[in-house]
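Just so you know, the protein sequences line up as chains A and B, in that order.
Okay, so the first sequence: first residue is 1 according to my numbering, each after it adds one.
Okay, so the second sequence: first residue is 1 according to my numbering, each after it adds one.
For the record, the hints were derived by calculation from the structure and aren't laboratory data.
From a predicted model like this one, the values you see are computed outputs, not experimental measurements.
For each residue, glycine too, the CB sits at the ideal point set by N, CA and C.
It is possible that part of the hints are untrue.
What the hints assert, rightly or not - Mimicking DSSO-like on lysine-lysine, the simulated pairs with C-alpha atoms at most 30 Å apart in a straight line are: (1) B/Lys11 / A/Lys17; (2) B/Lys25 / A/Lys5; (3) A/Lys426 / A/Lys6; (4) B/Lys213 / A/Lys442; (5) B/Lys332 / A/Lys429; (6) B/Lys11 / A/Lys5; (7) A/Lys442 / B/Lys11; (8) B/Lys213 / A/Lys248; (9) A/Lys433 / B/Lys345; (10) A/Lys230 / A/Lys190; (11) A/Lys6 / B/Lys25; (12) A/Lys426 / B/Lys340; (13) A/Lys429 / B/Lys337; (14) A/Lys230 / B/Lys331; (15) A/Lys429 / B/Lys25; (16) B/Lys11 / A/Lys25; (17) A/Lys230 / A/Lys426; (18) A/Lys274 / A/Lys214; (19) A/Lys433 / B/Lys337; (20) B/Lys340 / A/Lys429; (21) A/Lys56 / A/Lys25; (22) A/Lys214 / A/Lys148; (23) B/Lys341 / A/Lys442; (24) A/Lys51 / A/Lys144.
As the list claims (entries may be wrong) - DEER-style ranges, computed between Cβ atoms: (25) A/Lys433 / B/Arg320: 24 to 32 Å; (26) B/Arg320 / A/Pro120: 24 to 32 Å; (27) A/Lys319 / B/Lys78: 36 to 44 Å; (28) A/Lys46 / B/Glu336: 47 to 55 Å; (29) B/Lys332 / A/Gly92: 31 to 39 Å; (30) B/Phe247 / A/Lys5: 29 to 37 Å.
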Amino acid sequence: MRFRKKHLSDINAGHYKNTAGCASKEMPVPAIVKISMSENIGAPCKPLVAKGDQVKVGQLIGDTDAFLSVPIHSSVSGTVQGIEQVRNAMGGFDTVVVIASDGKQEVVDGIKPPVVESQPDFIKAMRASGLVGLGGASFPSWVKFNPKNLIDIDTLIVNGAECEPFITSDHRTMLEDAQDVLDGAQAMMKWLQAENGYIAIEDNKQDAIENFNKLIVQEKITNLHVFPLKARYPKGAERVLIYEVTGKRCDAGVLPASLGVIVSNVTSTAFMGKYLKTGMPLTKKRVTVDGDCVTNPGNIVVPIGTSIHDVIEFCGGYKQEPRKILLGGPMMGRAIPSDEVTTVKANNAILAFSASFAEIPEETACINCGRCHVACPFDLLPTKFAEAYERGDVDMLRDLQVMQCMECGSCSFVCPAHRPLAFMNKLGKAMVKEADRNARNK
Amino acid sequence: MPETSKQVTYKSGLLVSNSPHMVTKLDTQRTMLYVLIGLLPSTIAATIYFGGGALLRIILGAVFACLAEFCYDKIMKKPNTTRDLSCLVTGVILAMNVPATLPVWMLCIGCCVSIIIVKCLYGGIGRNIANPALVGRIVLLLSWTSYMTTWPLTRFQTAVDATTGATPLGQLADGATQLPALSDMFLGNIGGALGETCTLAILIGGIFLIATKIISPIIPCCFIGTVFLFSLIYYGITGGVGDYNAFQMALFQILAGGCMFGAFFCATDYVTSPIMERGKVVFGIGCGLVTMIIRLFCSYPEGVSFAILFMNILTPLIDRWSERSFYGIAKKERMEKKQKKAEEKAAESLEKGGSKA
Numbered sequence: 001m002r003f004r005k006k007h008l009s010d011i012n013a014g015h016y017k018n019t020a021g022c023a024s025k026e027m028p029v030p031a032i033v034k035i036s037m038s039e040n041i042g043a044p045c046k047p048l049v050a051k052g053d054q055v056k057v058g059q060l061i062g063d064t065d066a067f068l069s070v071p072i073h074s075s076v077s078g079t080v081q082g083i084e085q086v087r088n089a090m091g092g093f094d095t096v097v098v099i100a101s102d103g104k105q106e107v108v109d110g111i112k113p114p115v116v117e118s119q120p121d122f123i124k125a126m127r128a129s130g131l132v133g134l135g136g137a138s139f140p141s142w143v144k145f146n147p148k149n150l151i152d153i154d155t156l157i158v159n160g161a162e163c164e165p166f167i168t169s170d171h172r173t174m175l176e177d178a179q180d181v182l183d184g185a186q187a188m189m190k191w192l193q194a195e196n197g198y199i200a201i202e203d204n205k206q207d208a209i210e211n212f213n214k215l216i217v218q219e220k221i222t223n224l225h226v227f228p229l230k231a232r233y234p235k236g237a238e239r240v241l242i243y244e245v246t247g248k249r250c251d252a253g254v255l256p257a258s259l260g261v262i263v264s265n266v267t268s269t270a271f272m273g274k275y276l277k278t279g280m281p282l283t284k285k286r287v288t289v290d291g292d293c294v295t296n297p298g299n300i301v302v303p304i305g306t307s308i309h310d311v312i313e314f315c316g317g318y319k320q321e322p323r324k325i326l327l328g329g330p331m332m333g334r335a336i337p338s339d340e341v342t343t344v345k346a347n348n349a350i351l352a353f354s355a356s357f358a359e360i361p362e363e364t365a366c367i368n369c370g371r372c373h374v375a376c377p378f379d380l381l382p383t384k385f386a387e388a389y390e391r392g393d394v395d396m397l398r399d400l401q402v403m404q405c406m407e408c409g410s411c412s413f414v415c416p417a418h419r420p421l422a423f424m425n426k427l428g429k430a431m432v433k434e435a436d437r438n439a440r441n442k
Numbered sequence: 001m002p003e004t005s006k007q008v009t010y011k012s013g014l015l016v017s018n019s020p021h022m023v024t025k026l027d028t029q030r031t032m033l034y035v036l037i038g039l040l041p042s043t044i045a046a047t048i049y050f051g052g053g054a055l056l057r058i059i060l061g062a063v064f065a066c067l068a069e070f071c072y073d074k075i076m077k078k079p080n081t082t083r084d085l086s087c088l089v090t091g092v093i094l095a096m097n098v099p100a101t102l103p104v105w106m107l108c109i110g111c112c113v114s115i116i117i118v119k120c121l122y123g124g125i126g127r128n129i130a131n132p133a134l135v136g137r138i139v140l141l142l143s144w145t146s147y148m149t150t151w152p153l154t155r156f157q158t159a160v161d162a163t164t165g166a167t168p169l170g171q172l173a174d175g176a177t178q179l180p181a182l183s184d185m186f187l188g189n190i191g192g193a194l195g196e197t198c199t200l201a202i203l204i205g206g207i208f209l210i211a212t213k214i215i216s217p218i219i220p221c222c223f224i225g226t227v228f229l230f231s232l233i234y235y236g237i238t239g240g241v242g243d244y245n246a247f248q249m250a251l252f253q254i255l256a257g258g259c260m261f262g263a264f265f266c267a268t269d270y271v272t273s274p275i276m277e278r279g280k281v282v283f284g285i286g287c288g289l290v291t292m293i294i295r296l297f298c299s300y301p302e303g304v305s306f307a308i309l310f311m312n313i314l315t316p317l318i319d320r321w322s323e324r325s326f327y328g329i330a331k332k333e334r335m336e337k338k339q340k341k342a343e344e345k346a347a348e349s350l351e352k353g354g355s356k357a
């Protein structure tokens with residue numbers, strides 16, 4: 001018997017959209033790119049090239065037969081220097097294809113707009129484009145757009161919320177590639193046979209909202225609407241967004257498709273719009289480079305596989321000694337141990353911070369204030385999770401619905417004692433998952 | 001062709017931590033500072049009505065509490081925790097709960113009891129089961145009852161040949177029919193503990209805390225609302241007192257004694273009040289009910305501190321109940337029990353059928 005809320009709880013994490021006015025700059029091709037074979041959630045690809053091979057831009061260099069996968073294309077033209085194991089942003093090792101670029105950026109033969117005449121054609125084209133969820137989840141898009149209950153899908157939500165502080169790459173996409181977004185969204189709606197389309201944008205991006213409203217009127221589009229959201233964190237999380245736009249509750253473990261909704265990131269949508277016109281697969285990505293250590297912050301179009309180091313060098317290098325480098329925003333982004341890590345398709349921001357920002361204040365005792373509960377979009381009780389986790393009480397964790405947690409980090413953010421609550425939730429979830437696995441194996 | 005031979009030095013050894021990488025600036029220290037600011041109007045009002053002695057006691061309360069915690073940490077070789085300012089809040093609230101004429105050494109003992117016995121020995125901030133300031137007040141009340149119930153007159157009260165008077169609730173308990181004017185009670189021109197008397201100042205502080213989202217309005221509203229409704233019904237049945245009808249008596253009850261101060265500053269203590277909204281509702285209503293039962297049917301004229309203390313002890317139970325009802329744990333357990341019973345019954349009948357055959 002939950003009270004039905006109009007809006008889910010949110011927090012004010014600040015915006016810091018310093019780079020919103022920075023038009024995208026195309027980065028020159030780096031000397032070396034290391035293209036990861038694990039660009040998506042699911043199966044990693046097998047490299048299709050060997051040392052010494054000549055490759056061109058857009059050439060297929062990795063693919064696999066596994067279901068949950070997308071092919072990978074070269075982002076530069078040049079020579080393959082080898083197949084290596086390199087530490088990735090998660091701390092594990094990935095297979096990468098190392099390519100020394102020749103700087104010519106020759107495009108591979110046979111790049112032409114795909115012929116899409118039916119829904120299977122569309123899905124095939126989507127897989128061939130190498131598209132993954134560009135909001136950060138890197139889930140293979142073609143799997144998402146090919147749900148079992150295709151007939152039930154009635155709503156497409158284009159996610160342009162971008163609620164993470166600092167990041168502005170989606171914002172720039174909406175301003176610079178607005179036409180592609182509309183084309184992509186319309187193609188998606190056509191092949192999903194969705195009646196309603198929404199472009200959800202936080203109201204701190206008024207220029208993007210006005211831009212879309214103008215274009216929609218100009219092109220006389222009737223089934224696509226701009227849906228302004230309150231500019232609060234975490235409005236852009238898929239489950240929160242579905243609730244805000246459609247009022248449907250999407251619990252963890254429930255596919256949005258089963259509610260008749262598909263959510264697509266705005267950059268993914270723009271890419272799809274462009275791909276259907278040009279046939280050029282996903283080889284570059286717009287990322288926001290910001291933080292108090294970067295000399296010239298901005299939005300940079302980066303060939304996939306460029307090292308973080310090269311991207312920051314292009315932005316004028318480090319202004320001061322970095323203490324923490326984040327891939328993604330400060331709320332859910334990942335801190336990387338070294339700037340040798342390469343960019344992948346789903347990167348949307350590189351943030352370099354000095355010690356003053358990076359060091360989180362020391363943890364103190366919980367004062368039971370309950371702000372974590374108030375901040376949680378799903379009304380969970382992070383303090384109780386932490387207690388239950390410390391006791392090792394799996395039943396309690398399950399009863400308190402720890403699996404509903406999406407690790408948005410709101411609880412950690414508002415905690416006056418600076419407790420790492422989101423991390424404890426992660427550990428609690430892992431504990432429940434392990435218990436479930438053990439129960440199954442018995 | 002770009003050069004490939006150049007050796008690049010990568011930045012390594014960067015700080016790796018779990019997300020989020022940003023935290024709020026509103027930490028425990030700042031929260032407590034806001035509470036102290038919320039107590040400022042009451043401090044000013046107490047100084048206006050009771051003179052410099054009141055201000056001295058409030059400041060000394062804070063100092064004693066801070067010293068007590070500092071010494072405890074030193075003696076027990078624990079990290080110094082006075083920086084979070086919560087001891088100052090406890091000391092100030094305790095001082096607000098005593099009459100302006102209380103000897104200073106008694107206040108010191110009260111602070112030591114609050115901080116050392118109720119807070120530190122239970123494990124410091126966040127671990128105490130009862131509100132430290134209220135326990136300190138009750139210890140003082142039971143140990144030096146006459147000092148704790150001698151209320152000096154305010155500077156604006158006119159009384160012939162008297163320097164002390166009774167609180168409005170004391171007058172009511174003694175069977176007086178001429179009760180103080182409600183406007184005097186709202187402005188604080190009545191006898192009582194330092195911080196309790198001026199409702200206006202308490203409301204300013206309380207609204208500041210609610211506006212800055214330091215406290216939730218649920219507990220104060222439920223507490224005061226219950227006191228109001230309970231007295232409205234009670235005096236509606238028994239008839240008003242003196243010139244006051246039932247409605248005026250209900251207003252009298254919420255303005256008198258520590259009801260306002262307790263509702264805004266004592267009952268809302270994070271540590272000893274429930275986390276979830278529905279728990280807060282139960283807590284607030286419980287505080288109001290117990291307060292009125294003590295005021296109307298027990299031998300003490302005032303019951304706010306006892307009521308809050310009583311509900312403090314019930315808080316873990318209320319928390320557990322609210323979790324269980326909110327997340328459907330209780331419902332799940334009931335269903336499981338039902339299912340188990342049904343299975344047992346089925347097994348039994350099967351057994352019976354088997355034995356017959």
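Evaluation of the provided hints:
| no. | hint | verdict |
| --- | --- | --- |
| 1 | B/Lys11 / A/Lys17 | holds (26 Å) |
| 2 | B/Lys25 / A/Lys5 | holds (28 Å) |
| 3 | A/Lys426 / A/Lys6 | holds (28 Å) |
| 4 | B/Lys213 / A/Lys442 | violated (49 Å) |
| 5 | B/Lys332 / A/Lys429 | holds (20 Å) |
| 6 | B/Lys11 / A/Lys5 | violated (47 Å) |
| 7 | A/Lys442 / B/Lys11 | violated (47 Å) |
| 8 | B/Lys213 / A/Lys248 | holds (29 Å) |
| 9 | A/Lys433 / B/Lys345 | violated (34 Å) |
| 10 | A/Lys230 / A/Lys190 | holds (29 Å) |
| 11 | A/Lys6 / B/Lys25 | holds (28 Å) |
| 12 | A/Lys426 / B/Lys340 | violated (33 Å) |
| 13 | A/Lys429 / B/Lys337 | holds (27 Å) |
| 14 | A/Lys230 / B/Lys331 | violated (35 Å) |
| 15 | A/Lys429 / B/Lys25 | holds (28 Å) |
| 16 | B/Lys11 / A/Lys25 | holds (24 Å) |
| 17 | A/Lys230 / A/Lys426 | holds (27 Å) |
| 18 | A/Lys274 / A/Lys214 | holds (20 Å) |
| 19 | A/Lys433 / B/Lys337 | holds (25 Å) |
| 20 | B/Lys340 / A/Lys429 | holds (28 Å) |
| 21 | A/Lys56 / A/Lys25 | holds (22 Å) |
| 22 | A/Lys214 / A/Lys148 | violated (36 Å) |
| 23 | B/Lys341 / A/Lys442 | holds (26 Å) |
| 24 | A/Lys51 / A/Lys144 | violated (34 Å) |
| 25 | A/Lys433 / B/Arg320: 24 to 32 Å | holds (26 Å) |
| 26 | B/Arg320 / A/Pro120: 24 to 32 Å | violated (54 Å) |
| 27 | A/Lys319 / B/Lys78: 36 to 44 Å | holds (41 Å) |
| 28 | A/Lys46 / B/Glu336: 47 to 55 Å | holds (48 Å) |
| 29 | B/Lys332 / A/Gly92: 31 to 39 Å | holds (38 Å) |
| 30 | B/Phe247 / A/Lys5: 29 to 37 Å | holds (36 Å) |
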